[in-house]
Amino acid sequence: METAAHSSSEPVGSSRAVDRELVLVAAAVLIILIPGMVEVGRWSGLPWPVPVAVPVAYDAGVVVFLRAANARRRKRQTARFEWAAMGLLLTISSAVQVAHAMAPVDLHRLVGVLVVAPAPFVLLAAAAARVRSNEPPVTTNRSVRRSGRSTAAHTGQIAGQVGGCVGQTTVQRQGSDAVVQAQPTRKPPEPVGEPAVPATRGPGRPTNEAVQEQCAGPSPSVLRAGPSRRSLQSSASESAPSNDASPLQRLARPSRFAT
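For the sequence shown, counting from 1, position 158 maps to 158 in the UniProt record's numbering; every step adds exactly one.
A portion of the hints provided could be inaccurate.
Claimed, not checked - Cβ-Cβ distance ranges computed for the label pairs, FRET-style: (1) A28 - A95: 18 to 24 Å; (2) K75 - V98: 34 to 40 Å; (3) I31 - A95: 15 to 21 Å; (4) I31 - A84: 24 to 30 Å; (5) A84 - P47: 31 to 37 Å; (6) R74 - W43: 37 to 43 Å.
Claimed, not checked - The list that follows gives simulated cross-link-like pairs (lysine to any residue, SDA-like), each with its CA atoms no further than 25 Å apart: (7) K75 - V52; (8) K75 - V23; (9) K75 - V56; (10) K75 - A60; (11) K75 - P35.
If you're looking for bench data, these hints aren't it; they were derived computationally from the structure. Glycine residues also receive a C-beta, built at the ideal position from the N, C-alpha and C atoms.
When you get a sec, could you build the whole thing from the sequences and use the hints?
As structure tokens, then:
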């Protein structure tokens, strides 16, 4: 019990540790975005300290969309809207940093902008890596297992039909009545040596149609109809004495009127 509880709590602890690291990345990006976005908020005419809430709203929106995308991926659902919203917010944040820094053009400031502006995309890359870490491993043997199950089912079906042929009934006709006697069919003698293994795959494998034809007996219509008139006439003609005897043979026969 303790081992099972420990193994079940292990992924939860690792997931929480990764979430903490992602929160640290988001906090660092927020600190980087605060000066530029606060200044741009002042450009929009917002009174102080309202511009401070602008970077917080952007960063919090990115975190919320990240959690929503993670939840949808766990349910095997698409998260295109969430990823598109995250990309839009981070692109706006990066553009704000560039606009704030490019007011006085300077070489040092340009280098600083190139270093600081991609900071929001670091959060996007970290979020994508976090979501990918929650995905289960891809199984490539699914088609192999399906083909194995279908082959086993086909082999079991053929074996059951062949086993039913061993105990099939034989039909004998006597006159116009059909007498059914349940007699087990004799098996052919087994060859001496290694037993022959029936083919379960490939061209030598018996099909369902062949097994059904081998097991099929007389149709119910034949059993109900009985022997035909032509077969009865032929059997009567075979049993009747022949009238083509020679004269000597006729004289040799005893007469029915002899006393």
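Cross-check of the supplied hints:
In this structure the supplied range 18 to 24 Å holds for A28 paired with A95, their Cβ-Cβ distance being about 19 Å. Take K75 and V98: their Cβ atoms lie about 37 Å apart, and the range 34 to 40 Å holds. A hinted range of 15 to 21 Å for the beta carbons of I31 and A95 is consistent with their spacing of about 19 Å. At about 26 Å, the beta-carbon gap between I31 and A84 stays in the expected band of 24 to 30 Å.
A84 and P47 have their C-beta atoms about 32 Å apart, which keeps the hinted 31 to 37 Å range intact. For R74 and W43, the hinted distance range of 37 to 43 Å is satisfied, since their beta carbons lie about 41 Å from each other. Taking the CA atoms of K75 and V52, the gap is about 36 Å. The hint is violated against a cut of 25 Å. Among the hinted pairs, K75 with V23 is consistent with the structure: their alpha-carbon atoms are about 23 Å apart, no more than 25 Å.
Taking the CA atoms of K75 and V56, the gap is near 29 Å; set against the 25 Å cutoff, the hint is violated. Between K75 and A60 the alpha-carbon distance is near 23 Å, which keeps this suggested pair within the 25 Å criterion. Proposed proximity of K75 and P35 is contradicted: the alpha carbons are some 38 Å apart, above 25 Å.
Checked against the numbered hints above, the structure breaks hints 7, 9, 11 and satisfies the rest.
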